[in-house]
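For the sequence shown, position 192 matches number 192 in the numbering used here, and the numbering has no gaps at all.
None of these hints come from the bench; they were simulated from the model. Note that beta-carbon positions come from the ideal geometry of N, C-alpha and C, so glycine has one too. Hints may be right or wrong, so weigh each one.
What the hints assert, rightly or not - Derived CB-CB ranges, DEER-like:
| id | residue 1 | residue 2 | range |
| --- | --- | --- | --- |
| 1 | E133 | K164 | 41 to 49 Å |
| 2 | K166 | T129 | 54 to 62 Å |
| 3 | R101 | N130 | 38 to 46 Å |
| 4 | Q78 | T45 | 45 to 53 Å |
| 5 | N130 | S168 | 29 to 37 Å |
| 6 | Q148 | L121 | 49 to 57 Å |
| 7 | V132 | S98 | 49 to 57 Å |
| 8 | K119 | Q78 | 54 to 62 Å |
| 9 | E138 | I111 | 49 to 57 Å |
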Amino acid sequence: MENKTINTILSEENSSSIPLDTTAKVNPTKLPSPSQKIPSSQTMTPTKADLEVTVKELKHDLQKVNTTEMELRDQSIQLQSKLPEKESLVKNLNQELSKQRALTEKLKQEIIDQQVLVKKLNQELSKQTNLVEKLNQEITITKKDALQLAETNTRLTDEIEIIKQKNSEKQTSILYRPTKYPKRTHRPIISKQEEGAKTSSQMWLLD
1 MENKTINTIL
11 SEENSSSIPL
21 DTTAKVNPTK
31 LPSPSQKIPS
41 SQTMTPTKAD
51 LEVTVKELKH
61 DLQKVNTTEM
71 ELRDQSIQLQ
81 SKLPEKESLV
91 KNLNQELSKQ
101 RALTEKLKQE
111 IIDQQVLVKK
121 LNQELSKQTN
131 LVEKLNQEIT
141 ITKKDALQLA
151 ETNTRLTDEI
161 EIIKQKNSEK
171 QTSILYRPTK
181 YPKRTHRPII
191 SKQEEGAKTS
201 SQMWLLD
């Protein structure tokens, strides 16, 4: 039994165990190469127990590789199943990004328009301010003129009152001035007979 080769033992183990996946990469325990110097204590042929341990380790490594491969396959399947969702999400994000860029450009243009409008309003406000200052100056001048006119009017009113008062005093003095009547002359008393004769003589003269 001890003289059996490693290939014979592996073939026996393979016939009685689960088929190995030849595609899997296995890192078996490295055995010393013939070129390496082996101590005299290790020149003996490996026993069946040693080979069984080696095979057991290989099976363990193979099982780990298979497990890792299954996990990777599951992850790949999950990623592939999520890929359409991710692609749709990326597409939606790109569309939203395009909308945001367009909105940003629109807002920039609106800001420019608002700045132009503010500039125009400032110019108009400056004109209105100048106009208000001019009107205030005119109002001040008008107030001065009105005050002067009021003073002149008051002075004229006082003068008119004085003139009226003088005229009133003159009229009063005229009304109360004594009237000079003409002296009466006494006519001679003529009798009716004399008056009739005088009248008839005048009528004779007319004939």
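Tested hints:
1. E133 x K164: 41 to 49 Å: Check passed, 46 Å falls within 41 to 49 Å.
2. K166 x T129: 54 to 62 Å: holds, 55 Å
3. R101 x N130: 38 to 46 Å: Cβ of R101 to Cβ of N130: about 44 Å, so the range 38 to 46 Å holds.
4. Q78 x T45: 45 to 53 Å: holds, 49 Å
5. N130 x S168: 29 to 37 Å: Violated - the Cβ-Cβ distance for N130 and S168, about 56 Å, lies outside 29 to 37 Å.
6. Q148 x L121: 49 to 57 Å: violated, 40 Å
7. V132 x S98: 49 to 57 Å: holds, 50 Å
8. K119 x Q78: 54 to 62 Å: holds, 60 Å
9. E138 x I111: 49 to 57 Å: Distance hint for E138, I111 is violated at roughly 40 Å.
Of the numbered hints listed earlier, those contradicted by the structure are 5, 6 and 9.
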